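Participant: Next come the chains, spelled out residue by residue.
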Amino acid sequence: MNLLQSIKMAWKSIAGAKIRSFLTMLGIIIGVSSVITLVSVGQGTTSQITDQLEGLGTDLLTVNIMGRGSSTSLSFEEAMALGKIEGVKAVSPVINGSVTAKKGTVNDSLSVEGIAPSYEEVQDFHVQAGRYIIDMDNEFRMKVALIGTEAAETFFGTDNPIGQTIQLNGSSFKIVGLLESKGSSLTASNDNKLLIPIATAERFLQSRGVRSITVQVEDTKQIETVKALLEATLDKKFQNADNAYSIFNSQEMLDTLNSTTQILSLALGGIAGISLLVGGIGIMNIMLVSVSERTREIGVRKAIGAKKRDILMQFMVESTALSGFGGLIGIGLGYGASALIGHYSSLTTTVSLPIVLIAFGFSLFIGIIFGMIPANKAAKLRPIYALRTD
Amino acid sequence: MAAISPPLIDVQNLGHGYRMAGEMMTVLSDISFQVRHGEFVAIIGPSGSGKSTLMNMLGCLDVANEGTYLLDGQDIRKLSDNKLATIRNEKIGFIFQQFNLLPKLTAYENVELPLIYRNVPHKERKKSVEESLRLVGLEDRMHHRPSELSGGQQQRVAIARAIAGSPPLLLADEPTGALDSKTGIEVMDKMKELNALGHTIIIITHDLSIAEQAKRVIRIQDGRIVEDRGSRA
Numbered sequence: 003m004n005l006l007q008s009i010k011m012a013w014k015s016i017a018g019a020k021i022r023s024f025l026t027m028l029g030i031i032i033g034v035s036s037v038i039t040l041v042s043v044g045q046g047t048t049s050q051i052t053d054q055l056e057g058l059g060t061d062l063l064t065v066n067i068m069g070r071g072s073s074t075s076l077s078f079e080e081a082m083a084l085g086k087i088e089g090v091k092a093v094s095p096v097i098n099g100s101v102t103a104k105k106g107t108v109n110d111s112l113s114v115e116g117i118a119p120s121y122e123e124v125q126d127f128h129v130q131a132g133r134y135i136i137d138m139d140n141e142f143r144m145k146v147a148l149i150g151t152e153a154a155e156t157f158f159g160t161d162n163p164i165g166q167t168i169q170l171n172g173s174s175f176k177i178v179g180l181l182e183s184k185g186s187s188l189t190a191s192n193d194n195k196l197l198i199p200i201a202t203a204e205r206f207l208q209s210r211g212v213r214s215i216t217v218q219v220e221d222t223k224q225i226e227t228v229k230a231l232l233e234a235t236l237d238k239k240f241q242n243a244d245n246a247y248s249i250f251n252s253q254e255m256l257d258t259l260n261s262t263t264q265i266l267s268l269a270l271g272g273i274a275g276i277s278l279l280v281g282g283i284g285i286m287n288i289m290l291v292s293v294s295e296r297t298r299e300i301g302v303r304k305a306i307g308a309k310k311r312d313i314l315m316q317f318m319v320e321s322t323a324l325s326g327f328g329g330l331i332g333i334g335l336g337y338g339a340s341a342l343i344g345h346y347s348s349l350t351t352t353v354s355l356p357i358v359l360i361a362f363g364f365s366l367f368i369g370i371i372f373g374m375i376p377a378n379k380a381a382k383l384r385p386i387y388a389l390r391t392d
Numbered sequence: 032m033a034a035i036s037p038p039l040i041d042v043q044n045l046g047h048g049y050r051m052a053g054e055m056m057t058v059l060s061d062i063s064f065q066v067r068h069g070e071f072v073a074i075i076g077p078s079g080s081g082k083s084t085l086m087n088m089l090g091c092l093d094v095a096n097e098g099t100y101l102l103d104g105q106d107i108r109k110l111s112d113n114k115l116a117t118i119r120n121e122k123i124g125f126i127f128q129q130f131n132l133l134p135k136l137t138a139y140e141n142v143e144l145p146l147i148y149r150n151v152p153h154k155e156r157k158k159s160v161e162e163s164l165r166l167v168g169l170e171d172r173m174h175h176r177p178s179e180l181s182g183g184q185q186q187r188v189a190i191a192r193a194i195a196g197s198p199p200l201l202l203a204d205e206p207t208g209a210l211d212s213k214t215g216i217e218v219m220d221k222m223k224e225l226n227a228l229g230h231t232i233i234i235i236t237h238d239l240s241i242a243e244q245a246k247r248v249i250r251i252q253d254g255r256i257v258e259d260r261g262s263r264a
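Protein chains in written order, with the numbering used here: chain Z, 3 to 392; chain D, 32 to 264.
Any given hint might turn out to be false.
Unchecked claim - Computed list of lysine-lysine pairs in PhoX-like fashion (alpha-carbon distance at most 20 Å, straight line): (1) 310/Z / 157/D; (2) 10/Z / 114/D; (3) 135/D / 10/Z; (4) 109/D / 122/D; (5) 10/Z / 154/D; (6) 176/Z / 195/Z; (7) 122/D / 14/Z; (8) 157/D / 382/Z; (9) 122/D / 310/Z; (10) 109/D / 310/Z; (11) 135/D / 20/Z.
Calculated from the structure, these hints are not laboratory results. Computed from a prediction, not measured in an experiment: that's the story for all the values here.
The whole structure should be built from the sequences, with the hints applied where relevant.
Facilitator: The structure is reproduced here in structure tokens:
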């Protein structure tokens with residue numbers, strides 16, 4: 003007897019007991035669909051975070067300066083001197099703070115960053131109109147500002163903000179450039195802020211020294227070396243004080259995230275494996291019942307010439323078809339559930355094809371493994387015994 | 032002429048027993064007989080005489096402990112389970128008391144089953160199945176399930192299944208046992224008709240009126256042959 007005939011027979015048997023077949027498949031259906039859905043949510047979220055982290059730039063080191071008490075801090079000039087360290091491409095020191103901005107009747111709190119011209123290249127953040135902060139602005143502590151798109155809309159509406167003035171904590175600043183829209187990063191909104199010259203900010207925000215420095219390296223591979231050199235320089239500056247500064251590297255965070263994701267995937271895989279295993283036991287249970295119920299049928303088949311192999315194949319194909327069919331329904335449900343979650347919640351879902359294939363493959367595998375015992379039991383029945391049974 | 036060709040069935044000193052609660056129970060002992068092609072034999076005996084065990088042996092469903100059994104010249108006792116399955120498929124057509132049709136399959140599919148196990152190609156299969164069903168007069172009931180057929184019709188489907196693969200031997204175990212007398216006669220007429228067409232038939236029964244319709248009667252009692260009437264051997 004060939005495989006096609008076995009499949010036909012299995013189909014007749016499955017279709018002949020629809021409710022039972024469906025209930026038998028249910029374990030596999032739930033197993034497969036939950037794996038696909040859970041993993042799609044997990045992967046969707048991960049890729050969202052990864053994108054944002056990658057948006058921060060993997061060739062950047064962020065140095066946050068806490069200072070050593072109130073006496074020692076890093077001046078703007080000292081920060082710029084870090085640019086001389088080997089492997090450093092550019093240095094962008096920042097002093098940040100919050101101010102109350104006022105324009106006409108509009109009054110709002112805004113975050114302000116004091117920057118150097120190098121900020122443009124390091125952060126890859128350009129103006130769409132007007133000019134950037136230049137060295138001259140810093141030299142003369144000019145009261146000029148670049149405005150983010152969101153802030154521009156708040157204060158100027160549809161008017162062109164360039165050339166207009168805005169009151170920051172009572173001082174007039176002239177808007178010289180409108181920043182391009184960059185959206186939110188992991189840290190904060192990029193579009194609802196003002197950029198002013200760092201020298202102006204130092205005095206205006208009454209900040210002693212630079213708060214944070216973004217260091218761009220020439221080559222991502224050198225990032226660890228540059229980090230070590232930076233640490234050496236800063237340790238010397240702060241006389242090895244604890245917590246005087248911290249260096250953050252987005253690559254490190256990506257690595258941490260990736261290992262977390264791997265653990266998560268493993269855990270999900272484990273849960274999936276268990277639920278599929280339970281589904282498999284359900285299939286085995288029903289197949290064993292089915293073999294007992296069909297003892298006489300097996301006897302008749304054997305009497306008219308079915309070999310052990312034919313009976314074995316019939317029951318194996320049946321259990322594999324049950325689990326495979328359950329797997330297919332599970333895939334459909336998994337895709338549907340992922341789409342629904344993606345549509346009706348804030349979660350991002352990405353159905354991963356490898357996971358779909360693995361889940362389906364595993365469900366087939368379960369059908370084969372758990373079909374073996376019942377099929378073997380059926381195949382080993384002696385025809386005279388099987389014919390005598392009612 | 033019949034004496035020249037080798038017998039279809041050649042049983043010599045067949046004996047069989049079961050071990051029950053540690054004691055050997057002898058069911059058959061010293062059974063010897065031959066059946067030639069084209070014969071119509073009834074094996075008759077009361078219940079417990081061992082005739083069902085003999086039928087299992089003849090049908091290659093079980094293998095005897097002692098003696099030899101040659102079916103169509105082949106020594107059955109030396110064969111593996113798989114070879115026995117092939118022998119059953121190719122040499123024997125079974126007709127059971129309880130019909131033993133598969134309830135989920137149509138008459139056509141039931142008759143087709145032995146041919147599927149023999150790997151007969153679809154076209155040939157269709158031809159044989161339709162021919163057998165026509166022979167038992169059920170060509171217009173082909174796609175009915177057993178539950179939609181009367182007892183007599185079901186047994187005719189079973190007969191069609193038995194002859195579909197044109198095996199040399201038809202083995203019927205109380206073929207009329209589950210039927211009323213009228214349909215029983217119909218089924219027996221069908222059997223005689225098949226015998227007239229050249230099929231070798233062995234009927235196992237406890238019913239003398241059925242046995243009388245055969246050309247030869249072998250009577251069994253307590254596991255031994257006590258009478259062999261009408262033997263041509």
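Participant: Going through the numbered hints above, which ones does this structure break? Give me the numbers in ascending order.
Facilitator: 1, 2, 7 and 8
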